[in-house]
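Protein chains in written order, with this note's numbering: chain A, 1 to 512; chain B, 1 to 209.
You may find that some hints are simply not true.
What the hints assert, rightly or not - The calculated label-pair distances, taken between Cβ atoms and stated as ranges, are: (1) B/D51 to A/H244: 58 to 64 Å; (2) A/H155 to B/D200: 24 to 30 Å; (3) A/S174 to B/E64: 53 to 59 Å; (4) B/H105 to A/K145: 38 to 44 Å.
Read the hints as simulated data drawn from the structure, not as lab findings. All C-beta atoms, glycine included, are put in the ideal place defined by N, C-alpha and C.
Listed below, chain by chain, are the residues.
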Amino acid sequence: MSEVKWQASGLRVHQASDVTRDHLQLEADVVIVGSGAGGAVSAYELAKRGMKVLVLEAGPYVPSKDFTENFTDSLDTLYQDHGSQSNSDGDLLVLQGACVGGSTVVNGCVCFRTPDFILQDWQRDFGLNELTVDELAPYFDEVEKNLAVHDNGEHEIPRHGRLIRAGANRLGWSVKPLKRNIRQCGLTGHCLSGCKTERKQSMLVTYLPWAAAHGAQIYADTRVEKILTREGKASGVEAIITRHDGTVAATLSVSAPRVILAAGAVQTPLLLLKSGLANRSGQVGRNFACHPSLYVPARYPEPVYPWRGAMLGVYVDEFMHPDKGGFVLEDGGAGLVELTMAAEPGTGKPFMDYMANAKYLAGLVTLIHDHNVGSIEWDGERKKINYQLSDIDFPSMQRALKAAARLHLAAGASEVYVPASDQRVIRSEADIDSQVDSLENQPQHLRMVSYHPQGTCRMGADPDHSVVAANGQSHDVPGLYVADASLLPTSIIVNPQITVYALATRIARHMG
Amino acid sequence: MKSQLQARRVSAIWQQGMARRRFLKWGLLGSAGVAAVAAGGFAFLRRSPLDKQAAPAWAQGLSEAEYHLFNRARQVLLPVDGTTLLPSEQVPVVQNVQTLLGHLHPLTRKEVAAGLGLFDNAAVFTLGSRFVDLNDDDARAYFDSWGQGNVIQRTLATVIKQLVYSAYWQDSATWPPTEFDGPVSDKWGLEYLGNAPLPDSVADGEARA
Numbered sequence: 001m002s003e004v005k006w007q008a009s010g011l012r013v014h015q016a017s018d019v020t021r022d023h024l025q026l027e028a029d030v031v032i033v034g035s036g037a038g039g040a041v042s043a044y045e046l047a048k049r050g051m052k053v054l055v056l057e058a059g060p061y062v063p064s065k066d067f068t069e070n071f072t073d074s075l076d077t078l079y080q081d082h083g084s085q086s087n088s089d090g091d092l093l094v095l096q097g098a099c100v101g102g103s104t105v106v107n108g109c110v111c112f113r114t115p116d117f118i119l120q121d122w123q124r125d126f127g128l129n130e131l132t133v134d135e136l137a138p139y140f141d142e143v144e145k146n147l148a149v150h151d152n153g154e155h156e157i158p159r160h161g162r163l164i165r166a167g168a169n170r171l172g173w174s175v176k177p178l179k180r181n182i183r184q185c186g187l188t189g190h191c192l193s194g195c196k197t198e199r200k201q202s203m204l205v206t207y208l209p210w211a212a213a214h215g216a217q218i219y220a221d222t223r224v225e226k227i228l229t230r231e232g233k234a235s236g237v238e239a240i241i242t243r244h245d246g247t248v249a250a251t252l253s254v255s256a257p258r259v260i261l262a263a264g265a266v267q268t269p270l271l272l273l274k275s276g277l278a279n280r281s282g283q284v285g286r287n288f289a290c291h292p293s294l295y296v297p298a299r300y301p302e303p304v305y306p307w308r309g310a311m312l313g314v315y316v317d318e319f320m321h322p323d324k325g326g327f328v329l330e331d332g333g334a335g336l337v338e339l340t341m342a343a344e345p346g347t348g349k350p351f352m353d354y355m356a357n358a359k360y361l362a363g364l365v366t367l368i369h370d371h372n373v374g375s376i377e378w379d380g381e382r383k384k385i386n387y388q389l390s391d392i393d394f395p396s397m398q399r400a401l402k403a404a405a406r407l408h409l410a411a412g413a414s415e416v417y418v419p420a421s422d423q424r425v426i427r428s429e430a431d432i433d434s435q436v437d438s439l440e441n442q443p444q445h446l447r448m449v450s451y452h453p454q455g456t457c458r459m460g461a462d463p464d465h466s467v468v469a470a471n472g473q474s475h476d477v478p479g480l481y482v483a484d485a486s487l488l489p490t491s492i493i494v495n496p497q498i499t500v501y502a503l504a505t506r507i508a509r510h511m512g
Numbered sequence: 001m002k003s004q005l006q007a008r009r010v011s012a013i014w015q016q017g018m019a020r021r022r023f024l025k026w027g028l029l030g031s032a033g034v035a036a037v038a039a040g041g042f043a044f045l046r047r048s049p050l051d052k053q054a055a056p057a058w059a060q061g062l063s064e065a066e067y068h069l070f071n072r073a074r075q076v077l078l079p080v081d082g083t084t085l086l087p088s089e090q091v092p093v094v095q096n097v098q099t100l101l102g103h104l105h106p107l108t109r110k111e112v113a114a115g116l117g118l119f120d121n122a123a124v125f126t127l128g129s130r131f132v133d134l135n136d137d138d139a140r141a142y143f144d145s146w147g148q149g150n151v152i153q154r155t156l157a158t159v160i161k162q163l164v165y166s167a168y169w170q171d172s173a174t175w176p177p178t179e180f181d182g183p184v185s186d187k188w189g190l191e192y193l194g195n196a197p198l199p200d201s202v203a204d205g206e207a208r209a
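Using the sequences and the hints given, assemble the complete structure.
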């Protein structure tokens with residue numbers, strides 16, 4: 001066992017600017033593609049066991065001190081495709097981190113365990129009999145402890161959260177403080193731009209430095225282009241190291257008997273498709289789900305300052321079970337740029353009045369249990385995210401939208417803005433049905449955002465209908481693993497980071 | 001009825017443009033919540049006095065028509081009369097739009113260009129002049145009608161609005177009238193907490209060399 005060298009701040013990362021040769025040839029016991037939730041946890045678990053671990057991250061290394069707390073800057077520097085990744089119809093923004101630490105750097109810190117009824121679905125429909133509540137509980141316990149997951153204290157519930165909680169109480173709806181992975185929250189409201197003072201327990205300040213302490217080597221700016229096999233088994237990867245100006249600094253080959261894909265539910269299937277691997281089932285890239293969410297802003301009579309305080313405070317779980325609606329409502333903070341994306345209060349003066357009075361706005365985030373109807377494709381030139389809200393799920397979205405409007409009104413809002421392409425404002429209960437029922441499930445009618453892509457390399461017991469087994473290993477290619485949200489065979493309704501941490505821990509512990 | 005007719009007409013123009021150029025795909029994209037359509041470009045259906053005005057030297061990432069379109073969109077989408085908001089001419093809105101468009105995949109950028117050309121020119125059929133030459137009220141009504149139109153129209157209206165809105169509100173000079181705090185950690189002097197300590201199992205001495 002080598003010496004453990006934990007460092008108090010920062011991270012040792014190989015970057016394109018460090019490269020001095022045209023080609024690098026490396027060897028490892030395991031090479032991990034991606035440094036987000038699945039990759040970082042896998043790296044720590046395996047490095048702790050004494051394995052030689054390489055982590056390859058396509059995005060840049062951006063130290064916390066360089067975070068600007070400016071959302072537009074952050075989209076450019078920390079997000080996939082500079083924040084412009086969307087579905088083929090362009091009405092669903094798919095926001096994923098693309099930096100060392102991945103989406104854990106830019107998420108809202110919300111932590112849920114996989115709901116019991118979801119695990120039951122997985123057991124019944126996908127033969128994942130091992131993934132019981134009891135089996136996963138120790139993994140959840142461990143990652144929650146490691147990441148300082150806790151119920152929001154009263155001081156962590158911002159003004160918009162208190163309004164929403166009061167509204168839910170008036171309606172008799174179940175409302176609870178959210179759990180978050182954060183230490184001594186600075187209450188800046190800038191979670192989506194990265195936590196500058198390292199309070200969010202993202203992979204950047206937890207599992208990655210822990211993995212590095214155990215000898216894991218982390219490469220940023222390094223995009224894996226191909227997975228290599230030898231005699232049918234995983235044998236390594238080929239990658240390109242790219243400077244920030246887009247020029248190629250070097251090529252990289254890694255020889256390793258274990259390859260773990262943890263690049264997220266968009267990039268992981270793309271890599272498999274480009275490599276022509278692990279797709280006997282034909283399911284690679286299929287079954288994309290994403291919790292399409294709406295941000296529903298409303299105007300209140302008193303200032304709310306939606307950008308102040310913790311970004312997320314409470315949630316309404318009254319409708320979480322599919323039998324009760326299959327959606328969750330979370331109060332959500334927002335800055336000015338985010339607010340411009342949310343609503344269509346009218347063109348010109350109505351919009352500028354809406355923005356001039358932004359301090360009076362509070363928002364609700366809707367998350368629905370969508371079906372796995374989408375797909376990820378590579379057309380030879382660029383990726384395609386084929387996803388349109390299905391007709392099966394559209395009523396759920398409408399129910400969630402109506403509940404959000406009802407909740408805002410109960411909380412005292414005077415106007416609720418429907419996030420649609422045309423002007424829709426709800427001012428009373430009587431407006432709700434007419435404004436929501438007349439929405440059509442057509443491209444570009446709703447303004448949707450997804451932070452939770454999942455499902456594109458689903459787990460299952462049957463090799464003909466799934467990509468990997470419950471231990472994360474490909475049914476087809478020994479030594480090739482998936483350890484990110486691609487695994488999830490159905491959408492899980494709630495924020496998936498804790499599920500990915502727990503599954504990645506379990507996969508690493510079961511790895512030979 | 002009029003809007004339905006207009007929507008059908010826009011679709012027809014679009015299909016003609018697609019066929020003429022043999023562009024078989026029509027994709028849509030998002031940039032800060034925005035979208036656009038298939039590749040190619042549209043010849044002007046009517047000349048505008050603005051066509052004779054050169055775009056500024058910095059606008060290398062925009063065609064001259066795109067520059068004029070976004071500059072006109074800035075004027076009609078961001079009125080500040082009667083408010084304390086910063087006039088949009090004091091904000092580099094079109095420059096910021098140019099930067100946002102510069103992040104797009106080259107193929108997607110071509111699609112956006114085609115869509116912008118369509119938006120500008122299709123106004124000729126219903127309002128008798130290109131979008132860039134409409135008066136403020138007509139230009140806003142044009143946005144509203146496209147927001148209720150077919151998918152191509154909704155897409156383009158959303159694209160242009162979102163680009164212009166983001167380009168204006170991302171500038172910190174626009175924030176004070178709204179009391180938006182912007183970045184606060186440095187202002188508040190928040191301490192950096194650094195990396196989390198190793199988990200207990202290791203910190204307690206597991207397998208240290």
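>> Hints numbered earlier in the text: which of these fail when held up against the supplied structure?
In response: 1
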